[in-house]
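Enquirer: Residue strings, one per chain:
2 protein chains.
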Amino acid sequence: MSGRTVTIAQVAKHAGVAVSTVSYVLSGKRTISADTRRRVLDSISALGYHPNAGARALASKRSNVIALVLPLRAGMHVPVLMRFASSVVTAARRYDHDVLLLTADEGTEGILRVAASALVDALVLMDVELDDRRVPLLRELAEPSVLIGFPAEPAGLTCVDLDFAAAGARCVEHLAERGHEEIALLGAPSVVYDRGTGFATRTREGFVAALGDHGIKGVALPCEETFDEVYETVRDLLLDHPGLSGLVVHNEAAVSHVLAALRQLGRRVPHDVAVVAICPDDVAERAGPPLTSVLIPAEEVGREAVRLVMEKLEGRTVPDATLLTPLLAVRAST
Amino acid sequence: MSGRTVTIAQVAKHAGVAVSTVSYVLSGKRTISADTRRRVLDSISALGYHPNAGARALASKRSNVIALVLPLRAGMHVPVLMRFASSVVTAARRYDHDVLLLTADEGTEGILRVAASALVDALVLMDVELDDRRVPLLRELAEPSVLIGFPAEPAGLTCVDLDFAAAGARCVEHLAERGHEEIALLGAPSVVYDRGTGFATRTREGFVAALGDHGIKGVALPCEETFDEVYETVRDLLLDHPGLSGLVVHNEAAVSHVLAALRQLGRRVPHDVAVVAICPDDVAERAGPPLTSVLIPAEEVGREAVRLVMEKLEGRTVPDATLLTPLLAVRAST
DNA sequence: TGAGAGTGTCGAAGCGCTTCGACGACCGGC
DNA sequence: GCCGGTCGTCGAAGCGCTTCGACACTCTCA
Chain A
1428 MSGRTVTIAQ VAKHAGVAVS TVSYVLSGKR TISADTRRRV LDSISALGYH PNAGARALAS
1488 KRSNVIALVL PLRAGMHVPV LMRFASSVVT AARRYDHDVL LLTADEGTEG ILRVAASALV
1548 DALVLMDVEL DDRRVPLLRE LAEPSVLIGF PAEPAGLTCV DLDFAAAGAR CVEHLAERGH
1608 EEIALLGAPS VVYDRGTGFA TRTREGFVAA LGDHGIKGVA LPCEETFDEV YETVRDLLLD
1668 HPGLSGLVVH NEAAVSHVLA ALRQLGRRVP HDVAVVAICP DDVAERAGPP LTSVLIPAEE
1728 VGREAVRLVM EKLEGRTVPD ATLLTPLLAV RAST
Chain B
1428 MSGRTVTIAQ VAKHAGVAVS TVSYVLSGKR TISADTRRRV LDSISALGYH PNAGARALAS
1488 KRSNVIALVL PLRAGMHVPV LMRFASSVVT AARRYDHDVL LLTADEGTEG ILRVAASALV
1548 DALVLMDVEL DDRRVPLLRE LAEPSVLIGF PAEPAGLTCV DLDFAAAGAR CVEHLAERGH
1608 EEIALLGAPS VVYDRGTGFA TRTREGFVAA LGDHGIKGVA LPCEETFDEV YETVRDLLLD
1668 HPGLSGLVVH NEAAVSHVLA ALRQLGRRVP HDVAVVAICP DDVAERAGPP LTSVLIPAEE
1728 VGREAVRLVM EKLEGRTVPD ATLLTPLLAV RAST
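Respectively, the protein sequence lines represent chains A and B.
Adding 1427 to a residue's 1-based position in the first sequence gives its number in the working numbering.
Adding 1427 to a residue's 1-based position in the second sequence gives its number in the working numbering.
Take these hints with a grain of salt, some might be off.
Which copy is meant is left open, because identical chains are indistinguishable; a pair holds if it fits in one copy or across any two.
[Unchecked claim] DSS-like mimics (lysine-lysine), calculated; alpha carbons at most 30 Å apart, straight line:
| hint | residue 1 | residue 2 |
| --- | --- | --- |
| 1 | Lys1488 | Lys1456 |
| 2 | Lys1440 | Lys1456 |
| 3 | Lys1456 | Lys1739 |
| 4 | Lys1440 | Lys1739 |
| 5 | Lys1440 | Lys1488 |
| 6 | Lys1456 | Lys1644 |
For the record, the hints were derived by calculation from the structure and aren't laboratory data.
All chains, please: the whole structure from these sequences, using the hints.
Expert: Shown next as C-alpha cells:
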C-alpha cells in the first residue's frame, strides 16, 4: 500500500503531532490521550506505516529478533526438529519477535557474529550435546540464551527438554504392567551415542534403571537406520533372547523398519511382541499397527523455550532446568 | 572478547584514521592504501569489533537478511523442507546474508510486515501452491523474491523447482526400458492434489504423458500415509491390475509402507514388482531393498534460489523459470 | 488560593553506520 | 615549473527511530 517507505515523521505530520508522540503511541511507554491516540492510529493505517526495523533496533538497542540455532547433522530426527522450529517461530511471534535461522555448520562463529552485531536479542539452541562447543561461548555472551537439551555441565545455563529418563522408564513401566518379563530398547544409531547426545543416553539410563525397579530383564541396543541393518538387529535380538516379548523403539527413522522386520520374521504385534515407541504422535499413528508411544512434545518444548528466553530478556530469573513430563498414549501395539 | 559493544569510532581512534576510512576498508567501496587497511584490520581484531547490524541497515538501506517463508502444513514432506531450509541458510551465508524464518500460518501479514519494515532485503518462498494467496502480494512488493515451486500464473515471478513432469516421465522411461508393460504411480495424499500443489500434479502429468510415449499402460493414484491405508491401496491395485509389474512412488512418508505392504502381499522387489521412488537420496538408500530413485535435489534448489534472489538484489535480470533436470539413480529395486 | 502532583505533549539529542563532497599530496606531460 | 588528474583520506550530513528533560495544563487538597 502507498508509494515508498513511510516514516514516523510523515505519520506525525499527517496526525498533527510530534514524532515522539507517535512513538509513544506505538510503544505505550507514556500515557497518551485517547483522542490523540486515535488520530495517530488512523494516520498510521491511512499511510500504511511500518516502523523501520533497523532504525528501531539502533535507537532502542533491541532488534526484536531471536536466533534459532539448529544442528542438521547425521543421525538427527529431522521432522522433530522441524516441529521445534515451527513452534519456536509461532511462539516468538506472540512476543512480537522474529526468528533468525542459524545452522550449526557455521558453528561458534555464527553465534558470536549475530550476537555481537546485535542482530538478535537472544538465542535458542537445539540438539545440545553433552560436551557442546557452543556452551562456553554462551556463558560469555551478554545475550540471554536457552538450550533445548542438556549438556553435561548445565550450571549457569537455562535448559528445557522432555524428561527422557522418565520417558524410558515410563515405557518399561507400561510393559511391566502388561506382564512382559523380558524387553529390549532399540535406540539411536551408535554414532549418536558416540557423540554423547544427551537425549539418547538419558533414555537408555532411564530404561535400564527402571528394569531393576520392576524386576524384569532387558537389554539396550543402538539401532541403525537402513532396513537391512534393522532387520538383522531385530532378528539377532529375537534369536539371542527367546523370552523377549516387548520392544521399546527410540528411533523415529527405524520405527517402520522395525515393524516390517517383525512382520517378516513372523512375529505379530502386539500378540507376539509388544512395541512402544518414543516418537512424534503422527509417526506413531501412521504406523501399522498404530503404536503405543511416548510422544515428543515438540510444540510444548519450543513454546517453553521461547517463554523462558523472553523472561530472561525482561531481566527476570528463570529456573535452570525445565523437564517436561512424558505422556504415554496407548494404541494398538501393546 | 573485549568488554562492551565496540563501535566503529573506537576502531577509528585505535587505528588513527577517520570513521569513514574504517567503513571503506570494510566495504571496499573506495580504494584504501595497503598500509592503512592493515592498520584498520589489526585494530578491528584487536578490539573484537562487529558492525552493529541495525545501524548498518539504517544507513545503507540493506539489512543483509533474507526471509525464508516455509509452509508447515498437512501433507508436506517435512524432511525435504528441512534440507531446503538448510541449503538456503548455507547459500545465503556465502553472500553474507542471514535468514529470517517465517511460517505460513502468519500468512500474507508476515510477509508484508518483514518487507515493509525493511527487516529483510528479499524473500524466498517454499511450497508454492498453484493458486497461492501470497503471489499477488509478491508482485506488489518492492523487495525481490524467488519461489521454490510454480504457481498457476507465474508471469512476472521468478520460480525454481525440480522438473517434476520430467521426473515422472523419467520413471516411466526407466520402467519401460526394463520391459514393464503395466505400471502405476502412487502419489501424494489426495488432500495435496485437492490443494492444487504443483509438484504433485506435474509429476502425475509427466507420468501420464510418458505412458503414451512409451506405449505402456498405467494408472495414477493418490496415496495416503498410514500403513493400513497404503496396504489397502497396494492390495487393491494388484488385484485390479494383475499384469502390473512396476510402481512409481512419489510420497516420502509412504515409501516404507509400500515396501512393507508388498512384502506382506508376497511380492518380491524387484522380482515381482519393480519400484522407483521420487524422494531424497537417504530415504531411498535406507529402504529395504535400497530403491532406484529420482532424487530431489534439495541442496541444489535452495542454492539456486538464493543465487537468483541475490542477482535480483543486485538489479540484474534473471530467467523467470528455472527447472532442474531430474537425475535417476539405479539401485536394487528395479 | 496557591503549592504540589500529576497529565499529555513537544523538541532535541543521540544510536552507529554509510556515503558524499572536499581536499591535500603526488604524478606525469609539456 | 605549472596544470590537470588520480589516489587516499577526512569531516559532516543524514538514515528513522527512541527517550529524556522540559513545559504547559489541569486537578487536588490544605
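Enquirer: Next, verify each hint and record whether it holds.
Expert: Each hint tested on the structure:
Taking the shortest Cα distances, Lys1488 and Lys1456 sit within 30 Å of each other both inside one copy (16 Å) and across copies (28 Å). When the C-alpha separation of Lys1440 and Lys1456 is checked against a cutoff of 30 Å, the pair qualifies only within one copy, where the shortest distance is 21 Å, while the shortest distance between copies is 36 Å. When the C-alpha separation of Lys1456 and Lys1739 is checked against a cutoff of 30 Å, the pair qualifies only within one copy, where the shortest distance is 20 Å, while the shortest distance between copies is 40 Å. For the identical chains of this complex, Lys1440 and Lys1739 are neighbours neither inside a copy (38 Å) nor across copies (35 Å), given an alpha-carbon limit of 30 Å.
Taking CA atoms no more than 30 Å apart as the test, Lys1440 paired with Lys1488 passes in both settings, with 26 Å inside one copy and 23 Å between copies. When the C-alpha separation of Lys1456 and Lys1644 is checked against a cutoff of 30 Å, the pair qualifies neither within a copy, at 63 Å, nor between copies, at 71 Å.
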